[in-house]
Amino acid sequence: MTINSQLKRGTLELCVLALVCRGDCYGYELVNRISDSMHITEGTIYPLLKRLKDNGSITSYIVESQEGPPRKYYQITDIGRQEKQRQENEWRDFTHSVEKLIIENNGEGE
Amino acid sequence: MYKTKSEFLSNLEKELGRFGVLDRSEIITDFEQHFTDSLALGLSESEICEKLGSISEIAKQYAEEEIYPAVAVEREREEQSGSGINSAPPPQNNSSSNAYENSGIRFGRCNNKTSSDYENSGIRVSFGSNNVNWGGLLAVLCVDIFVFSWAIPALFAVFVGLLSVPFGLITAGLASMIAGVIGNFWSFTTPFSGLAAFFLGLMLLSLGGLLTVAGIQLIKLFIFIIKAIIDWHGNMIVGRPVFKKKNARTSREEVSA
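The listed protein sequences correspond, in order, to chains Z and X.
Converting from the first sequence to this note's numbering requires adding 1279 to each position, the first position being numbered 1.
Converting from the second sequence to this note's numbering requires adding 2 to each position, the first position being numbered 1.
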C-alpha cells in the first residue's frame, strides 16, 4: 500500500462528511464528486456511507424519481456535523505537523 | 473481475454472505442504483464493474464497518493512549449517541434505537482487561430466567413435534403404499382399491418430506436465534459479541498507525 492509498482511506470519511454537510446528495453523486478530484475505487464509498449511517453521522431518505428506481439521499445530522469539525481539525493539525517536519528536514539537508 | 451487472451483484451478495454481513438486500439495492446511474451516463457494465473494484474488498469493508460500537469506543481510547504521534485533540464525547451504544444492545440487526429500557444500564466496572457491565449482567439474568422458565420447554415441544409429525407421515405413507401393492397381489380386502391406497401413501410421503424440509429450515432459524442470543450476552456483559470478528480495524486507525 502506498502512502497515498492509506491516506485516502483515512480521509475519505472526512471528504464524504464535508460533501454531505454542504447539502443532501445521493450515493452516486458523492462517488462522482469524489472521483472527479481523486482516484478512488468507487465501491469503497458505499461501505463508508453505511458506517456513517450506523454511527448516526448521516441519515438517509428515499426520493421517488421519474426515471428508474427510487433514489436514496443522505443528510447530515448534528452528530455528523460535530464529527466533521473534529476530523477537519485533526486533519489540519496533522498536515500542519507533516509540513513543518518536511520543511525542517529540507533545511537540515542543505 | 466481473463483466456484467448481474454477475457483479450476485457475486457481491455471495461474498457478503461469506463475510457474514447483514443488511445484504439494502447493500445490493445501493449497488443496483449505482449501476442504473452509471449506465445513464453512458458507461458500459464492464467499465462500471472495473471502477467499483474488487468484490471481496468491498465485502471485507462492509464486514469491518460492522464493528460493534462498544468495541469502537474502547479502541479509540486505546488508540489515544497508545500512539505517540497522535497530535489530535481527544475525541468529543457524544454522550447523547453513546448512551445507547455503550449498553451494547444489538439484537441481530434490529437497530432498535428507541428502546430506552436498557440505555442507562451502563454501570461499567473495570475487571482486568474486560469491562464487565453489571447492569447488562442483571438484564441478561432477568431475560434468561424468563427464557428458561417457559420458552425452552415450549421450543422443545415444537422441536419434538417437528421430528415426530414428518416421521409419522412418512411411516404412514410407506405403510399405505405397501398395503396398496400387497393388496393388489394377494387381493385381500382393503377399504378402498390398491391403487387408491398407493397414491394416498404417496401423498402422505410427500407431505412428510415437505415437513422435513420445513423442519430443517426452522432448525436453521433456531440456530441463528441462539447465536444471536449468545452474541447479545457477550455484548451485554463485556461489550463485545462472541461470534463476530474481534480484530476488525477502523479506517481511522490505519492513518494513525
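Watch out, some of these pointers could steer you wrong.
As a list, the in silico SDA-like pairs of lysine to any residue whose alpha-carbon atoms are at most 20 Å apart [as the list claims (entries may be wrong)]:
#1 Z:Lys1287 / X:Lys53
#2 Z:Lys1332 / Z:Arg1360
#3 X:Lys53 / Z:Thr1374
#4 Z:Lys1332 / X:Glu66
#5 X:Lys7 / Z:Arg1350
#6 X:Lys229 / X:Gly19
#7 X:Lys62 / Z:Asp1333
#8 Z:Lys1287 / X:Leu157
#9 Z:Lys1351 / X:Asp32
#10 X:Lys62 / Z:Arg1350
#11 Z:Lys1332 / X:Lys229
#12 X:Lys222 / X:Ala174
#13 Z:Lys1332 / Z:Arg1365
#14 X:Lys222 / X:Arg20
#15 Z:Lys1287 / Z:Thr1323
#16 Z:Lys1351 / X:Arg20
#17 X:Lys53 / Z:Leu1309
#18 X:Lys16 / X:Gly55
#19 Z:Lys1351 / X:Lys222
#20 Z:Lys1351 / X:Ala156
#21 X:Lys16 / X:Ser27
Chain Z stretches covered by chain X per the calculated footprint, using a threshold of three residues with CB under 8 Å from any CB of chain X [what the hints assert, rightly or not]:
#22 1308-1321
#23 1324-1336
#24 1348-1358
Hints are computed from structural coordinates only; laboratory data are not their basis.
These figures come from a predicted structure and were not determined experimentally.
All C-beta atoms in this analysis are idealised placements derived from N, C-alpha and C, irrespective of residue type, glycine included.
For each hint, the structure was consulted:
Our distance criterion of 20 Å between C-alpha atoms is met by Z:Lys1287 and X:Lys53, whose separation comes to about 16 Å. With a CA separation close to 13 Å, the supplied pair Z:Lys1332 and Z:Arg1360 stays within the 20 Å bound. Between the alpha carbons of X:Lys53 and Z:Thr1374 the distance comes to roughly 29 Å, so the proposed pair goes past 20 Å and is violated. Proximity of Z:Lys1332 to X:Glu66 is assessed by CA-CA distance (about 14 Å); at most 20 Å being required, the pair is judged to hold.
Restraint check for X:Lys7 and Z:Arg1350: satisfied, since their Cα atoms lie roughly 18 Å apart, inside the 20 Å limit. About 16 Å separates the Cα atoms of X:Lys229 and X:Gly19, which keeps this hinted pair within 20 Å; it holds. For the proposed pair X:Lys62 and Z:Asp1333, the alpha carbon gap of about 17 Å is at most 20 Å, so the pair holds. For the hint linking Z:Lys1287 to X:Leu157, the alpha-carbon distance of about 51 Å lies beyond 20 Å, and the restraint is violated.
Straight-line distance between C-alpha atoms of Z:Lys1351 and X:Asp32 comes to about 8 Å, which keeps the hinted pair within the 20 Å bound. With a C-alpha separation of about 25 Å, the suggested pair X:Lys62 and Z:Arg1350 falls outside the 20 Å cut-off, and the hint is violated. Among the hinted pairs, Z:Lys1332 with X:Lys229 is inconsistent with the structure: their alpha-carbon atoms are about 25 Å apart, more than 20 Å. Between X:Lys222 and X:Ala174 the CA atoms are separated by roughly 27 Å; this puts the pair beyond 20 Å, and the hint is violated.
This hinted pair checks out: Z:Lys1332 and Z:Arg1365 have alpha carbons roughly 17 Å apart, not beyond 20 Å. Using a Cα cut-off of 20 Å, the hinted pair X:Lys222 and X:Arg20 holds, with the two alpha carbons roughly 17 Å apart. Distance hint between Z:Lys1287 and Z:Thr1323 is fulfilled; the C-alpha atoms sit about 11 Å from each other, no more than 20 Å. Restraint check for Z:Lys1351 and X:Arg20: the C-alpha separation of about 26 Å exceeds 20 Å, so the hint is violated.
Of the pairs offered as hints, the one joining X:Lys53 and Z:Leu1309 holds, with about 14 Å between alpha carbons and a cut-off of 20 Å not exceeded. Of the pairs offered as hints, the one joining X:Lys16 and X:Gly55 holds, with about 16 Å between alpha carbons and a cut-off of 20 Å not exceeded. Annotation: proposed proximity of Z:Lys1351 to X:Lys222 is violated, straight-line Cα distance about 33 Å (limit 20 Å). Distance restraint check for Z:Lys1351 and X:Ala156: the Cα-Cα separation of roughly 42 Å exceeds the 20 Å cut-off, and the hinted pair is therefore not satisfied.
Only pairs whose Cα atoms come within 20 Å are accepted, and X:Lys16 paired with X:Ser27 is accepted, the gap being roughly 11 Å. Counting residues of the region 1308-1321 of chain Z whose CB lies closer than 8 Å to any CB of chain X gives 4, which reaches the minimum of 3, so the coverage claim holds. Counting residues of the region 1324-1336 of chain Z whose CB lies closer than 8 Å to any CB of chain X gives 9, which reaches the minimum of 3, so the coverage claim holds. With a cut-off of 8 Å between beta carbons, the region 1348-1358 of chain Z has 4 residues touching chain X; three or more are needed, and the interface restraint holds.
Checked against the numbered hints given earlier, the structure breaks hints 3, 8, 10, 11, 12, 16, 19, 20 and satisfies all the rest.
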